[in-house]
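There are 2 protein chains.
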Amino acid sequence: MTKAKRICTLLLRLLALAATIIAIIIMVTSRDSAKILNMKFNAKYSNTPAFKYFVIANAVVSIYSLMVLFLPSKNSLWHLVLVLDVVITMLLTSAISAALAIAYVGKKGNSHAGWLPICGQFPKFCNHVGGALIAGFVAALAYMVLLLYSLHTVVGPFFTVKA
Amino acid sequence: MTKAKRICTLLLRLLALAATIIAIIIMVTSRDSAKILNMKFNAKYSNTPAFKYFVIANAVVSIYSLMVLFLPSKNSLWHLVLVLDVVITMLLTSAISAALAIAYVGKKGNSHAGWLPICGQFPKFCNHVGGALIAGFVAALAYMVLLLYSLHTVVGPFFTVKA
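Residue numbers (the numbering used here), protein chains in the order written: chain C, 3 to 165; chain Y, 3 to 165.
Please note that a few of the clues may not be correct.
Identical copies look the same in the list; a pair holds intra-copy or inter-copy alike.
Only pairs whose alpha carbons sit at most 25 Å apart, straight line, appear in this in silico DSS-like list of lysine-lysine [claimed, not checked]:
1) Lys-5 to Lys-46
2) Lys-109 to Lys-126
3) Lys-126 to Lys-46
4) Lys-42 to Lys-126
5) Lys-76 to Lys-7
6) Lys-109 to Lys-54
7) Lys-76 to Lys-37
8) Lys-110 to Lys-5
9) Lys-54 to Lys-76
10) Lys-76 to Lys-46
11) Lys-109 to Lys-37
12) Lys-109 to Lys-46
13) Lys-110 to Lys-46
FYI, nobody ran anything at the bench for these hints, they're computed from the structure.
Excised from the complex, chain C in its bound form (with noise of 0.2 Å):
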């Protein structure tokens, strides 16, 4: 791996682990009441077992992204690096991916099934979620493009095989 490579990719791990940091950060601080016929409402989000997989997943994610800052960069473990992204960057995509579709029933409802949107009532609650879920976007993303260079590097560029 050239020298431009390697800062690129060390980019690349630095934005993913910020990014996943803050879409923890910005999650587990969403919380909201509102008032509703004189009773009290509270909107967290460990409430919704989408959002809290989210949270556990992000926190995986920025582990294995510090982890794999420092290592050394002739340790034989960066060999199973590749494999690893290609799981974290599922768990990402998965813990998104599921936050979302609630999210969006939070936003818009589901009038079919009965399901009210709940952002009119939470307003601050809904933009921390709508946050953090842009934030392990921008780290999936990360990840992707990560993957890709990692695929090159090994299936030889234009993707023919080098071995």
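With chain C held as given, fit chain Y onto it using these hints.
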């Protein structure tokens, strides 16, 4: 690639193709109606964006799986297949996660958001969705095994780079 490996990957691709087609059929035929307070309610997959996404993603995956089956073994496009396998597995994982998140709300509801479970009223619909999700899982598993196989072939046994 040895002959045994080639047959294994062929079988995995056939399994993925069959599973995605079954997932589409089960999801598309998921219909149920219920009378609540003398009003007739219909449940069908197309009322939920996540389920529509699930069907579209499975259709894309099954078309891709079919095309790869007819790719001549000496074709230079095989080098692209590894990259496309990664993309396809991600698409499938994302679709299943989104559909599962919504199906979970349909089954258990979310009392904090005031979303009631609907499986009590539409048991046939819920069973179909559950079946489609299981078929989708089988397809995703087949693709994950295929992917690890391909990476193993490219990166080498014990993930030591061959080139």
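Comparing the hints with the structure gives:
Taking the shortest alpha-carbon separations for Lys-5 and Lys-46, neither the intra-copy value of 45 Å nor the inter-copy value of 54 Å comes in at or below 25 Å. In this assembly of identical chains, the alpha carbons of Lys-109 and Lys-126 lie at most 25 Å apart only when taken from the same copy (12 Å versus 28 Å across copies). In this assembly of identical chains, the alpha carbons of Lys-126 and Lys-46 lie at most 25 Å apart only when taken from the same copy (10 Å versus 32 Å across copies). For the homomeric pair Lys-42 and Lys-126, the shortest alpha-carbon distance inside one copy (15 Å) is at most 25 Å, but the shortest distance between copies (36 Å) is not.
Taking the shortest alpha-carbon separations for Lys-76 and Lys-7, only the intra-copy value of 16 Å comes in at or below 25 Å, while the best inter-copy value is 31 Å. Proximity of Lys-109 to Lys-54 under the C-alpha cut-off of 25 Å is found in both arrangements, the shortest distances being 18 Å within a copy and 18 Å between copies. Proximity of Lys-76 and Lys-37 under a CA criterion of 25 Å is satisfied in neither setting, with 59 Å inside one chain copy and 67 Å between copies. Taking identical chains as interchangeable, the C-alpha atoms of Lys-110 and Lys-5 are never at most 25 Å apart, the minima being 48 Å within one chain and 52 Å between chains.
When the C-alpha separation of Lys-54 and Lys-76 is checked against a cutoff of 25 Å, the pair qualifies neither within a copy, at 37 Å, nor between copies, at 47 Å. For the identical chains of this complex, Lys-76 and Lys-46 are neighbours neither inside a copy (44 Å) nor across copies (55 Å), given an alpha-carbon limit of 25 Å. In this assembly of identical chains, Lys-109 and Lys-37 lie within 25 Å of each other by CA distance solely inside one copy; the values are 19 Å within and 28 Å between copies. In this assembly of identical chains, the alpha carbons of Lys-109 and Lys-46 lie at most 25 Å apart whether taken from the same copy (15 Å) or from different copies (21 Å).
Taking the closest pair of Cα atoms, Lys-110 and Lys-46 come within 25 Å of each other both inside a single copy (18 Å) and across two copies (18 Å).
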